[in-house]
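Enquirer: Just so you know, the sequences run in chain order A and B.
Our numbering applies: residue 102 is where the first sequence begins, and numbers increase by one.
Our numbering applies: residue 102 is where the second sequence begins, and numbers increase by one.
Note that these hints are calculated values from the structure, not bench results.
Treat each hint with caution, since some may be false.
It does not matter which identical chain is used: a pair holds within one copy or between any two.
In silico SDA-like links for lysine to any residue, alpha-carbon gap of 25 Å or less [what the hints assert, rightly or not]:
#1 Lys208 x Glu122
#2 Lys208 x Asp194
#3 Lys208 x Asp181
#4 Lys208 x Gly121
#5 Lys208 x Glu120
Because the structure is a prediction, the values reported are computed rather than measured.
Protein chains: 2
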Amino acid sequence: MAAKLHVCMTCRAGLPLPEGEVPPGARLHAALLAADVPVGVEIVPVECLSACSQGCSVALTGAGKWSYVYGRLTDLDAPDILAGAAAYAATPDGLVPWRERPVIFRKQSLARIPPTIPPQETAP
Amino acid sequence: MAAKLHVCMTCRAGLPLPEGEVPPGARLHAALLAADVPVGVEIVPVECLSACSQGCSVALTGAGKWSYVYGRLTDLDAPDILAGAAAYAATPDGLVPWRERPVIFRKQSLARIPPTIPPQETAP
Numbered sequence: 102m103a104a105k106l107h108v109c110m111t112c113r114a115g116l117p118l119p120e121g122e123v124p125p126g127a128r129l130h131a132a133l134l135a136a137d138v139p140v141g142v143e144i145v146p147v148e149c150l151s152a153c154s155q156g157c158s159v160a161l162t163g164a165g166k167w168s169y170v171y172g173r174l175t176d177l178d179a180p181d182i183l184a185g186a187a188a189y190a191a192t193p194d195g196l197v198p199w200r201e202r203p204v205i206f207r208k209q210s211l212a213r214i215p216p217t218i219p220p221q222e223t224a225p
Numbered sequence: 102m103a104a105k106l107h108v109c110m111t112c113r114a115g116l117p118l119p120e121g122e123v124p125p126g127a128r129l130h131a132a133l134l135a136a137d138v139p140v141g142v143e144i145v146p147v148e149c150l151s152a153c154s155q156g157c158s159v160a161l162t163g164a165g166k167w168s169y170v171y172g173r174l175t176d177l178d179a180p181d182i183l184a185g186a187a188a189y190a191a192t193p194d195g196l197v198p199w200r201e202r203p204v205i206f207r208k209q210s211l212a213r214i215p216p217t218i219p220p221q222e223t224a225p
């Protein structure tokens, strides 16, 4: 089991960015890397997740799993994002039971997408 | 080259659904099936794309391609959605040049997600 946590690096969270300031997306990326990244979770910077009006945003993907996109995040959400990513990584299909999802994942979902390749059946 | 066009069947487009009425998502699905579905595009009904406040929504996926989610759609958008899906299906990576995307795809993107498996290199 594994997951990729894609982080939009260029996100300005819908606001103007004063010259010389680090974009909120890059701040979120740095906060995630500085925290305890769970085993099985790989943090992947991306240039744009096309969710600009709902930034900062992250996307969780994994082979054979549903993908999820979450928005309206800040660097203060890093611990909850990583806890949610760990729970996602531990599933075969990306479907974490509702009550086991962090509140930000329950309330700030932008979209989910079915797996490109269905989950492999596990041996009994 | 191919694409799956996932259509959220249960979408109520954020509105109450009068008893006995067909949900807007199911109406969009029916309109897509009734139109000329381009070669290489497969229409796939799904129960929920978790974009409920921005419905109706569809998601485009394909092996090795970026995935895209679009929202605020109605059954009247079926021809444009299918034109956009055909352009997407014809790409190796899901990245359709901006000017070749239907206006609804340019203006109503909810999110995009990198491919789980990177695009295969094509022979020269």
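Enquirer: Check each numbered hint against the structure and report the violated ones by number, ascending.
Expert: Hints 1, 4 and 5 not satisfied by this model.
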